[in-house]
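These are the residues of each chain, in order.
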Amino acid sequence: MKIHTATLGVVEAAPESFLTLPDGLIGFEEHKEFALLELSDYVPFRWLQSFSDPGLAFPVLDPLAFVASYDPQLSEPDRLALGLETGEKPEIYVVASVEDAGKIVTVNLRAPLVIHPRRRVARQVVLADSRWDIQHPILERARQRTTARASH
Amino acid sequence: MLVLSRKLGENIRIGDEIKVIVLDVRGGQVKLGIEAPNSVQVHRQEIYLRIQEANRRAAAAPTAWLSQASQGLRSQRMG
Chain A
1 MKIHTATLGV VEAAPESFLT LPDGLIGFEE HKEFALLELS DYVPFRWLQS
51 FSDPGLAFPV LDPLAFVASY DPQLSEPDRL ALGLETGEKP EIYVVASVED
101 AGKIVTVNLR APLVIHPRRR VARQVVLADS RWDIQHPILE RARQRTTARA
151 SH
Chain B
1 MLVLSRKLGE NIRIGDEIKV IVLDVRGGQV KLGIEAPNSV QVHRQEIYLR
51 IQEANRRAAA APTAWLSQAS QGLRSQRMG
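Going line by line, the protein sequences match chains A and B. The first sequence begins at 1 in my numbering and counts up by one. The second sequence begins at 1 in my numbering and counts up by one.
Chain A extracted, bound-state conformation (with noise of 0.2 Å):
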């Protein structure tokens, strides 16, 4: 279906990107159907897309992309509340902030979006572990790397 959107424009869905956040994300607790979008202008970004405010998305990433030894470890509350059995993975994505016109970009490991693969209900979960950082630089690192290697 299509669906109409104030930032994105007017975007195909299909019903498979649909997702239920029964909490919402924290601090817009009053949204809760979304959907997954993949376009292609903003690859490797997907755009959680709110269906009752078509000015709200939020850019996420797949952390494994970017963080290769990413672990969150979920409570039992939290895969309950999903409805997870016992051994069953979900879908994980992290909130990506993006700053300075594009050149700065964090991504928060402490609070994943957690999906269940079938259900298609998602929550944003706050891992205890404070290891994982709330703005974890992925862009601005590589910058500087791409810096340094110029130089040589």
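It is worth saying that the hints were derived from the structure and are not from the lab. Treat the hints with care, since some could be wrong.
Heads up, incomplete: computed chain B residues facing chain A, CB under 8 Å, no partners named [what the hints assert, rightly or not]:
(1) Asn11
(2) Gln29
(3) Lys31
(4) Gln52
(5) Ala54
(6) Arg56
(7) Arg57
(8) Ser67
(9) Gly72
Derived pair list, reagent style SDA-like, types lysine to any residue, alpha-carbon separation capped at 25 Å [unchecked claim]:
(10) B:Lys31 <-> B:Arg57
(11) A:Lys32 <-> B:His43
(12) A:Lys103 <-> B:Gln76
(13) A:Lys32 <-> B:Leu49
(14) B:Lys31 <-> A:Ser130
(15) B:Lys19 <-> B:Val42
(16) B:Lys19 <-> A:Asp129
(17) A:Lys103 <-> A:Leu61
(18) B:Lys19 <-> A:Gly24
(19) B:Lys19 <-> A:Leu61
(20) A:Lys103 <-> B:Lys19
(21) A:Lys89 <-> B:Val40
(22) A:Lys32 <-> B:Ile18
(23) A:Lys103 <-> B:Glu53
Even for Gly, the Cβ is constructed at its ideal location relative to N, Cα and C.
Please build the complex by placing chain B on the supplied structure of chain A, with the hints as guidance.
Coordinates of chain B only, in the frame set by chain A:
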């Protein structure tokens, strides 16, 4: 705001399903035990506020910045 005094080991009930227990009081720090249904998320206030702020910033970034950042991330992967 409702203000209640509680001693070590005493509880507070919030509705039918939430119980807060005073487990320890030592040197200006209170240790609380919280029993709540799985559907109720319990967070430390300062962590909750930082995550709320991160979500707000994420939603506020202009799409042009996202498009720029996506190119940056793609070239980083290739490099």
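Hint check:
{"no.": "1", "hint": "Asn11", "verdict": "19 Å, violated"}
{"no.": "2", "hint": "Gln29", "verdict": "17 Å, violated"}
{"no.": "3", "hint": "Lys31", "verdict": "15 Å, violated"}
{"no.": "4", "hint": "Gln52", "verdict": "3 Å, holds"}
{"no.": "5", "hint": "Ala54", "verdict": "5 Å, holds"}
{"no.": "6", "hint": "Arg56", "verdict": "6 Å, holds"}
{"no.": "7", "hint": "Arg57", "verdict": "5 Å, holds"}
{"no.": "8", "hint": "Ser67", "verdict": "6 Å, holds"}
{"no.": "9", "hint": "Gly72", "verdict": "5 Å, holds"}
{"no.": "10", "hint": "B:Lys31 <-> B:Arg57", "verdict": "32 Å, violated"}
{"no.": "11", "hint": "A:Lys32 <-> B:His43", "verdict": "20 Å, holds"}
{"no.": "12", "hint": "A:Lys103 <-> B:Gln76", "verdict": "12 Å, holds"}
{"no.": "13", "hint": "A:Lys32 <-> B:Leu49", "verdict": "20 Å, holds"}
{"no.": "14", "hint": "B:Lys31 <-> A:Ser130", "verdict": "18 Å, holds"}
{"no.": "15", "hint": "B:Lys19 <-> B:Val42", "verdict": "12 Å, holds"}
{"no.": "16", "hint": "B:Lys19 <-> A:Asp129", "verdict": "24 Å, holds"}
{"no.": "17", "hint": "A:Lys103 <-> A:Leu61", "verdict": "16 Å, holds"}
{"no.": "18", "hint": "B:Lys19 <-> A:Gly24", "verdict": "24 Å, holds"}
{"no.": "19", "hint": "B:Lys19 <-> A:Leu61", "verdict": "37 Å, violated"}
{"no.": "20", "hint": "A:Lys103 <-> B:Lys19", "verdict": "46 Å, violated"}
{"no.": "21", "hint": "A:Lys89 <-> B:Val40", "verdict": "22 Å, holds"}
{"no.": "22", "hint": "A:Lys32 <-> B:Ile18", "verdict": "24 Å, holds"}
{"no.": "23", "hint": "A:Lys103 <-> B:Glu53", "verdict": "20 Å, holds"}
When the structure is compared with the earlier hints, violations turn up for hints 1, 2, 3, 10, 19 and 20 and for no others.
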